[in-house]
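Student: As a plain string of letters, each chain reads:
6 protein chains.
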Amino acid sequence: MKEKKILYIQPIKGNEAGDAELEAFLNEHKSSSTTHVDVVSFKQAPSHLEHHFYEALVAKDILKTVRQAEIDGYDAAVIGCFYDPFLDIAKEISQGMPVTAPAEASMHIAATIANSFSIIVGRNKWIPKMHENVVRYGYRDYLASFRPLGIGVLDFQADKERTERLMREEIKKAIEQDRAEAIILGCTMEFGFFRKLQEEFALPVIDCALASLKYAEHLADLREVCGWTISKIGGFDGPAKGELKSWGVEAYYGLEGMF
Amino acid sequence: MKEKKILYIQPIKGNEAGDAELEAFLNEHKSSSTTHVDVVSFKQAPSHLEHHFYEALVAKDILKTVRQAEIDGYDAAVIGCFYDPFLDIAKEISQGMPVTAPAEASMHIAATIANSFSIIVGRNKWIPKMHENVVRYGYRDYLASFRPLGIGVLDFQADKERTERLMREEIKKAIEQDRAEAIILGCTMEFGFFRKLQEEFALPVIDCALASLKYAEHLADLREVCGWTISKIGGFDGPAKGELKSWGVEAYYGLEGMF
Amino acid sequence: MKEKKILYIQPIKGNEAGDAELEAFLNEHKSSSTTHVDVVSFKQAPSHLEHHFYEALVAKDILKTVRQAEIDGYDAAVIGCFYDPFLDIAKEISQGMPVTAPAEASMHIAATIANSFSIIVGRNKWIPKMHENVVRYGYRDYLASFRPLGIGVLDFQADKERTERLMREEIKKAIEQDRAEAIILGCTMEFGFFRKLQEEFALPVIDCALASLKYAEHLADLREVCGWTISKIGGFDGPAKGELKSWGVEAYYGLEGMF
Amino acid sequence: MKEKKILYIQPIKGNEAGDAELEAFLNEHKSSSTTHVDVVSFKQAPSHLEHHFYEALVAKDILKTVRQAEIDGYDAAVIGCFYDPFLDIAKEISQGMPVTAPAEASMHIAATIANSFSIIVGRNKWIPKMHENVVRYGYRDYLASFRPLGIGVLDFQADKERTERLMREEIKKAIEQDRAEAIILGCTMEFGFFRKLQEEFALPVIDCALASLKYAEHLADLREVCGWTISKIGGFDGPAKGELKSWGVEAYYGLEGMF
Amino acid sequence: MKEKKILYIQPIKGNEAGDAELEAFLNEHKSSSTTHVDVVSFKQAPSHLEHHFYEALVAKDILKTVRQAEIDGYDAAVIGCFYDPFLDIAKEISQGMPVTAPAEASMHIAATIANSFSIIVGRNKWIPKMHENVVRYGYRDYLASFRPLGIGVLDFQADKERTERLMREEIKKAIEQDRAEAIILGCTMEFGFFRKLQEEFALPVIDCALASLKYAEHLADLREVCGWTISKIGGFDGPAKGELKSWGVEAYYGLEGMF
Amino acid sequence: MKEKKILYIQPIKGNEAGDAELEAFLNEHKSSSTTHVDVVSFKQAPSHLEHHFYEALVAKDILKTVRQAEIDGYDAAVIGCFYDPFLDIAKEISQGMPVTAPAEASMHIAATIANSFSIIVGRNKWIPKMHENVVRYGYRDYLASFRPLGIGVLDFQADKERTERLMREEIKKAIEQDRAEAIILGCTMEFGFFRKLQEEFALPVIDCALASLKYAEHLADLREVCGWTISKIGGFDGPAKGELKSWGVEAYYGLEGMF
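Protein chains in written order, with my numbering: chain Z, 256 to 514; chain W, 256 to 514; chain Y, 256 to 514; chain U, 256 to 514; chain C, 256 to 514; chain B, 256 to 514.
If you are wondering where the hints come from, they were derived from the structure by calculation, not from laboratory data. One or more of the hints may lead you astray.
[Unchecked claim] Listed next, with one range per pair, are the computed distances between beta-carbon atoms:
{"id": "1", "chain 1": "C", "residue 1": "GLN299", "chain 2": "B", "residue 2": "ALA457", "range": "54 to 64 Å"}
{"id": "2", "chain 1": "B", "residue 1": "GLN350", "chain 2": "W", "residue 2": "GLN350", "range": "36 to 46 Å"}
{"id": "3", "chain 1": "W", "residue 1": "ALA506", "chain 2": "Z", "residue 2": "ARG423", "range": "36 to 46 Å"}
{"id": "4", "chain 1": "B", "residue 1": "GLU271", "chain 2": "C", "residue 2": "LYS257", "range": "47 to 57 Å"}
{"id": "5", "chain 1": "Z", "residue 1": "GLU276", "chain 2": "W", "residue 2": "ALA506", "range": "23 to 33 Å"}
{"id": "6", "chain 1": "Y", "residue 1": "ALA275", "chain 2": "U", "residue 2": "GLY503", "range": "45 to 55 Å"}
{"id": "7", "chain 1": "B", "residue 1": "ALA457", "chain 2": "U", "residue 2": "ARG420", "range": "40 to 50 Å"}
{"id": "8", "chain 1": "C", "residue 1": "ARG420", "chain 2": "B", "residue 2": "LYS257", "range": "50 to 60 Å"}
{"id": "9", "chain 1": "C", "residue 1": "GLN299", "chain 2": "B", "residue 2": "GLU271", "range": "27 to 37 Å"}
[Said to hold, decoys possible] No farther apart than 30 Å at their CA atoms in a straight line, the calculated lysine-lysine pairs in the DSBU-like style are these:
{"id": "10", "chain 1": "Z", "residue 1": "LYS427", "chain 2": "Z", "residue 2": "LYS268"}
{"id": "11", "chain 1": "Y", "residue 1": "LYS415", "chain 2": "W", "residue 2": "LYS487"}
{"id": "12", "chain 1": "C", "residue 1": "LYS315", "chain 2": "C", "residue 2": "LYS451"}
{"id": "13", "chain 1": "C", "residue 1": "LYS380", "chain 2": "Z", "residue 2": "LYS428"}
{"id": "14", "chain 1": "W", "residue 1": "LYS319", "chain 2": "W", "residue 2": "LYS260"}
{"id": "15", "chain 1": "W", "residue 1": "LYS384", "chain 2": "W", "residue 2": "LYS451"}
{"id": "16", "chain 1": "U", "residue 1": "LYS298", "chain 2": "Y", "residue 2": "LYS380"}
{"id": "17", "chain 1": "Z", "residue 1": "LYS298", "chain 2": "W", "residue 2": "LYS298"}
{"id": "18", "chain 1": "C", "residue 1": "LYS380", "chain 2": "B", "residue 2": "LYS487"}
{"id": "19", "chain 1": "C", "residue 1": "LYS415", "chain 2": "C", "residue 2": "LYS319"}
{"id": "20", "chain 1": "U", "residue 1": "LYS487", "chain 2": "Y", "residue 2": "LYS315"}
{"id": "21", "chain 1": "U", "residue 1": "LYS315", "chain 2": "Y", "residue 2": "LYS487"}
{"id": "22", "chain 1": "Z", "residue 1": "LYS487", "chain 2": "B", "residue 2": "LYS451"}
{"id": "23", "chain 1": "Z", "residue 1": "LYS384", "chain 2": "W", "residue 2": "LYS384"}
{"id": "24", "chain 1": "Z", "residue 1": "LYS427", "chain 2": "B", "residue 2": "LYS496"}
{"id": "25", "chain 1": "U", "residue 1": "LYS487", "chain 2": "Y", "residue 2": "LYS380"}
{"id": "26", "chain 1": "U", "residue 1": "LYS298", "chain 2": "U", "residue 2": "LYS319"}
{"id": "27", "chain 1": "W", "residue 1": "LYS384", "chain 2": "B", "residue 2": "LYS500"}
{"id": "28", "chain 1": "B", "residue 1": "LYS500", "chain 2": "Z", "residue 2": "LYS451"}
{"id": "29", "chain 1": "W", "residue 1": "LYS428", "chain 2": "Y", "residue 2": "LYS487"}
{"id": "30", "chain 1": "C", "residue 1": "LYS428", "chain 2": "U", "residue 2": "LYS257"}
{"id": "31", "chain 1": "B", "residue 1": "LYS315", "chain 2": "C", "residue 2": "LYS500"}
{"id": "32", "chain 1": "W", "residue 1": "LYS298", "chain 2": "W", "residue 2": "LYS315"}
{"id": "33", "chain 1": "U", "residue 1": "LYS427", "chain 2": "B", "residue 2": "LYS427"}
{"id": "34", "chain 1": "Z", "residue 1": "LYS298", "chain 2": "Z", "residue 2": "LYS428"}
{"id": "35", "chain 1": "B", "residue 1": "LYS487", "chain 2": "C", "residue 2": "LYS428"}
{"id": "36", "chain 1": "Z", "residue 1": "LYS257", "chain 2": "B", "residue 2": "LYS315"}
{"id": "37", "chain 1": "C", "residue 1": "LYS268", "chain 2": "B", "residue 2": "LYS500"}
{"id": "38", "chain 1": "W", "residue 1": "LYS319", "chain 2": "Z", "residue 2": "LYS384"}
{"id": "39", "chain 1": "Y", "residue 1": "LYS260", "chain 2": "W", "residue 2": "LYS257"}
{"id": "40", "chain 1": "U", "residue 1": "LYS487", "chain 2": "Y", "residue 2": "LYS500"}
All C-beta atoms, glycine included, are put in the ideal place defined by N, C-alpha and C.
Just chain Z, same shape as in the assembly (with noise of 0.2 Å):
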């Protein structure tokens, strides 16, 4: 069995300090010491995605990022943000690589595991776009409730021990008023928790990005065993070959020798 190389693209402006230690989780988690794990994240952009606008500021950086490691043999790419920023263009220019993200990952395992699950997150205000999420991929019936804490994403490592009581809070209601089976925690930054809130519930709590992390392994496997990957046939059928070049504007967008 033949190593696989899986991207971990945080899409934020990172730090070394911040990629490493979320490198390092994974690499906890990985299924198997064939699999490498690489977090990057960008030198320019918004420190966090919670506004949709940063994410349109860094779509471009994401997807020459997921298509730069397709050409650099990586066999499968993570869009690390909750919100699944382009995922659909990921999968569109991808010329057989697959790629995830964690709302897709979380979901369709915590709807493999149990009858409804609860989604912890930051604010109100993700959660018009997160629950589009959830019913576009089919999990309408799967939803037993978004659980806010208050917080933004920057908050959550910056003071564990208030974001863990927050979480605490939340799932008990979730449990409780909501009848959730599962547990998502619906952001990247939320990395880290789950182990210890899953043994004090004694139900799944899903790590978002480590979900992610795991279903690119299943992918890349799913690909290399079965040779079943993104289908090009219909919404996912990329840009013509050299199209972009053809209308002059391939440099102007970085995009020498890509399409």
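Use these hints to put chains W, Y, U, C and B onto chain Z, whose structure you have.
Tutor: Okay, now just chains W, Y, U, C and B, sitting in the frame of chain Z:
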């Protein structure tokens, strides 16, 4: 009643002739001499947006143009592509100016005057994303069918006779086989064909570029008269003032003073 | 741009004062000096339509009034009750003149400017029928909640202070507990309260009587400029000319010359 | 077991011969000698209800007849048209007597004995309203198709041979192309054809007039034995006693003493 | 009208006293002296079916009993558990005899006489499977809520006073908080409580054991009079005659001569 | 990384040759030399499960085999039939070992790599139950069509050439008429055909037996690495320890020591 200025954005690499032709068409159909329509396109951009990656490439330019329109005093803006690219994000960054797009506008109109509609598109490729929008906007039960012509965006105006013939064939099938009560021409480059077909088949044929202009006029009026415009307390809550600047990326994205 | 005449039908036993008050309110909000609004009510009719049987009693009068409006050259008609009584049948008998009603109009507007809305109603009794309309129009996923005030149609204007206070309480809950991004005041007799509450809560508060007027103006404009109006080839196909006469019931129903 | 009296309302301008023929047909199929079926029609009314406006014209007469049936001691009433016109309002004004109608009755039965059903109708025109009822009653996932014969209400019994031939053709397609497991004959004027076709195709063919009678017997029995009948605490809460009188319109509508 | 024999299967380890009590209760509510109800239970079986595994253990016995009932000339059979265990398979193996079960029966009835219903259950554990049935039968939009009492199947009849008190509390909440217009008592062991609560709250309270008997009578009548019974041309198409025998497993399963 | 043992249950009367052939096929596609796959079938059982009654006959044996697998230390089990028989109950009785089945596995995979899929089945008879599963798993909007070949389970491998030819015809129609972007071969006995067809049509063709193995590997990995496995706090809460024994039926069902 004060003059209403509406900006119609062609989110592609345009040319003066093309913009002028569409501008003329739209100006023939504005509701009042007090409406003023400007059509803009981009200097550097793909020539069509059939592939979603091309949308991503122009994401930033579309959104900056929308925000600049608001700063410049426009009363409404239209993102002129039937995928409604980034319409939700445009509503997020607007600080009050209404924004709309062809699919949203056409479907609201069609669902008001018919029990069902068919959408005439170019290629199969477009359908999954457009179907997703139909569902998202709430119109799944109104959708009679998608009917692709088997041609591309750039073909519609290139051979108008062929386009009209193909449209005629598919509209006939939509009525007879799918029981469509209205037709939406599902690409802004299908502009200009609606009236003849509408008379021929005696049912509403909705030109989606025109629909978006009319809907923009309506939304601008609702704001002016009733104060009803984009809700900013939930999913459309926009970037915090100065946040991009504080992260040092305002200049990088060319957004000085915008947020 | 020619003058647009709109008939707003209060489908209840009215009085001159009441009609005049609403007419004045609507005239303040019409989009242009070229719109002319008439408000009519019935001489013999129930005083409110909370019970659906009361709607049935005025069915014929509503529909005759709509058809007569078309004959008299009105550009659009509004059936002024949030149950949207017989709106579909009005579209069936219209030979081209647009007809709309408060629920249809309010929801189209709310779904365009917000991700979700709550509807403030009088009594629980109203909700099943109104919920049915929400679903029928395609807005189930936009509905945050119904919030009843526990008062009747005739109470809204009788004690405005109390009404406003009750509205304030329920709007607060709709925002905080149901995550509503917009509010629809779900009874035409709730007219006149929207602006103050809208400013207070900083979200769109939609006055449904006013919304129906604005939507009627929009539909009249769409018909005039684009020829888009009610499709007559399917469910809105109207009575065959002369059929009622041939059955000898034209005079019995007082419909001479109407169909 | 006491005798059960059921009133079957033909909501059209009837004649003695037509009423008697249907009455004879229904009496052949009542479940017990203790059931007594009366068929009534109107002296002044449209001759068919294909257009929804015609329904509106008879709204008051239908509902008065239902209420009078209750006063006269009937155990249940049927509104004999597959549009189920004003069934909800009949449930509202009933003070306990069950009321049903052909579409409600047929679909409940079909969904119990088959995984899917097709509805054989007269014209395309009927389908949007009937589809709305299918959705409202909860049977969207059971609907295999609508299959129109291309003829009108008055044609079904006029040329029975042709009707049967057309039904045969469409039932065949419903089974083979739409995978229908049961057939509903979607107009009361399709009465009398079901048994032969049922035997021929070896699947349930539901005569909707008959279905409504059988369902009415069932509902009357449920009320008598278990006390289960229309809930009056929500949407079916009826007019307040004396309210119409207090408004001075009781006599105008000919409702003296009814409410 | 011939006598109708109905077999009510208690799919648990029963005892004479328990069967006799239920049989007496059902016999009080049959629609006519011509209905004959037998209650049977199993000698070897779990004492309740709260866990789905227990259903699986009695699967074969339930289905053999159903098939034997048909062979023995019963006119209908009831599988007496609110999970409706194996109802679809019972419809598959029946060669014409109707089969029903409490959830199917209760929901059809409730949806006919109310706009919404709440289901009073024992434990949270039961809800996912029952919710699945609600959706499958088409009644998602009718469901106001599940309201668990926090007790088990064997507790309902053990302490009737407590059961009634808990039911009263939850019915009150269902009406006030969930706007339920009808109540379904969602376990056959909740039999006997309905009438008092129904009178107290003045809304239909449906005893699901009784509902299944009444629905069985209705279905038997539909078959006898109209020939409408389970469609055998699709999903309910049963085992081919002799197939089990040809595989040599007929005796192993104790099915000699049954199929 | 420790060895993973997976039990694949053929829930039919098997034979050594058949089991060995499938075992060989699955072993070619396991993700790692550390996975160990065993295939078992039953000594006494129907030879296929086309009829749901046959599923019921093997219910107990399937579930005992699943529970025994867990006791024996398997890391995951597969119930190898595309009806996913008793998968929910298997999740209920598992005390932690993941269980999956072909439909669940195939649809999760297909929905991740395509916008829509068609399912190639044997007979019309299978479709209602399978459609129910599609809806239950959340994939109604992904389903392009069912395409039956008109042959039975035992025919697929008997005449492989014919099977492949029929598959080819239906896949072509699924792509062209139904716009399927992926194909699921909807019976485990369709194993072995996928790769050739996948290459021929250049879209994912999912072998459902293989998919269930791969999904089982994924689930076993999720459990091992992240502790994510079946939630036991709601619908999958299993039988209380010793309850069956206390009722004296443990031995009767041959479940000594299992629960």
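Student: Run every hint past the structure and note whether it holds.
Tutor: How the hints compare with the structure:
Checked against the given bound of 54 to 64 Å, the beta carbons of GLN299 of chain C and ALA457 of chain B, roughly 56 Å apart, stay inside it. With their beta carbons about 56 Å apart, GLN350 of chain B and GLN350 of chain W fall outside the hinted range of 36 to 46 Å. Take ALA506 of chain W and ARG423 of chain Z: their Cβ atoms lie about 42 Å apart, and the range 36 to 46 Å holds. Separation of GLU271 of chain B from LYS257 of chain C is about 55 Å and conforms to the stated range, judged on CB atoms against 47 to 57 Å.
For GLU276 of chain Z and ALA506 of chain W, the hinted distance range of 23 to 33 Å is satisfied, since their beta carbons lie about 29 Å from each other. For the pair ALA275 of chain Y and GLY503 of chain U, the beta carbons lie near 22 Å from each other, so the given range of 45 to 55 Å is not met. For the hinted restraint 40 to 50 Å between ALA457 of chain B and ARG420 of chain U, the CB-CB distance of approximately 46 Å keeps it satisfied. ARG420 of chain C and LYS257 of chain B have their C-beta atoms about 54 Å apart, which keeps the hinted 50 to 60 Å range intact.
For GLN299 of chain C and GLU271 of chain B, the hinted distance range of 27 to 37 Å is satisfied, since their beta carbons lie about 34 Å from each other. Among the hinted pairs, LYS427 of chain Z with LYS268 of chain Z is inconsistent with the structure: their alpha-carbon atoms are about 34 Å apart, more than 30 Å. Distance hint between LYS415 of chain Y and LYS487 of chain W is fulfilled; the C-alpha atoms sit about 28 Å from each other, no more than 30 Å. For a cut-off of 30 Å, the pair hint linking LYS315 of chain C to LYS451 of chain C is broken: about 37 Å separates their Cα positions.
About 17 Å separates the Cα atoms of LYS380 of chain C and LYS428 of chain Z, which keeps this hinted pair within 30 Å; it holds. Between LYS319 of chain W and LYS260 of chain W, the direct Cα distance comes to roughly 18 Å. Compliance with the 30 Å bound is thereby established for this hinted pair. Only pairs whose Cα atoms come within 30 Å are accepted, and LYS384 of chain W paired with LYS451 of chain W is accepted, the gap being roughly 29 Å. A threshold of 30 Å between alpha carbons decides the hint, and for LYS298 of chain U with LYS380 of chain Y the separation of about 34 Å lies outside it, so the pair is violated.
A hinted pair counts as satisfied when its Cα atoms are at most 30 Å apart, and LYS298 of chain Z with LYS298 of chain W qualifies at roughly 27 Å. For the suggested pair LYS380 of chain C and LYS487 of chain B, the alpha carbons sit about 10 Å apart, so the restraint of at most 30 Å is met. Taken as a hint, the LYS415 of chain C and LYS319 of chain C pair is broken in the structure, with Cα atoms around 33 Å apart against an allowance of 30 Å. Taking the CA atoms of LYS487 of chain U and LYS315 of chain Y, the gap is near 27 Å; set against the 30 Å cutoff, the hint holds.
Of the supplied pair hints, the one linking LYS315 of chain U and LYS487 of chain Y holds, its CA atoms being roughly 27 Å apart against a limit of 30 Å. At roughly 17 Å between alpha-carbon atoms, LYS487 of chain Z and LYS451 of chain B fall within 30 Å of each other, so this suggested pair holds. Taking the CA atoms of LYS384 of chain Z and LYS384 of chain W, the gap is near 16 Å; set against the 30 Å cutoff, the hint holds. At most 30 Å may separate the alpha-carbon atoms for a hinted pair to count; LYS427 of chain Z and LYS496 of chain B meet this at roughly 26 Å.
The suggested pairing of LYS487 of chain U with LYS380 of chain Y holds, with an alpha-carbon distance near 10 Å, which does not exceed 30 Å. Proximity of LYS298 of chain U to LYS319 of chain U is assessed by CA-CA distance (about 14 Å); at most 30 Å being required, the pair is judged to hold. Note on LYS384 of chain W and LYS500 of chain B: the hinted pairing is violated, with a Cα-Cα distance of about 56 Å set against a maximum of 30 Å. Among the hinted pairs, LYS500 of chain B with LYS451 of chain Z is inconsistent with the structure: their alpha-carbon atoms are about 35 Å apart, more than 30 Å.
Proposed proximity of LYS428 of chain W and LYS487 of chain Y is supported: the alpha carbons are some 17 Å apart, at most 30 Å. Only pairs whose Cα atoms come within 30 Å are accepted, and LYS428 of chain C paired with LYS257 of chain U is rejected, the gap being roughly 37 Å. Of the supplied pair hints, the one linking LYS315 of chain B and LYS500 of chain C holds, its CA atoms being roughly 20 Å apart against a limit of 30 Å. Only pairs whose Cα atoms come within 30 Å are accepted, and LYS298 of chain W paired with LYS315 of chain W is accepted, the gap being roughly 14 Å.
Between the alpha carbons of LYS427 of chain U and LYS427 of chain B the distance comes to roughly 25 Å, so the proposed pair stays at or under 30 Å and holds. At roughly 39 Å between alpha-carbon atoms, LYS298 of chain Z and LYS428 of chain Z are farther apart than 30 Å, so this suggested pair is violated. For the hint pairing LYS487 of chain B with LYS428 of chain C, the CA-to-CA distance comes to about 28 Å; that is within 30 Å, so the pair holds. Restraint check for LYS257 of chain Z and LYS315 of chain B: the C-alpha separation of about 41 Å exceeds 30 Å, so the hint is violated.
The hinted pair formed by LYS268 of chain C and LYS500 of chain B meets the criterion: a straight-line CA distance of about 13 Å does not exceed 30 Å. Proposed proximity of LYS319 of chain W and LYS384 of chain Z is supported: the alpha carbons are some 21 Å apart, at most 30 Å. With a C-alpha separation of about 20 Å, the suggested pair LYS260 of chain Y and LYS257 of chain W falls inside the 30 Å cut-off, and the hint holds. In summary, the hint linking LYS487 of chain U to LYS500 of chain Y is not supported, as the alpha carbons are separated by about 40 Å, beyond the 30 Å threshold.
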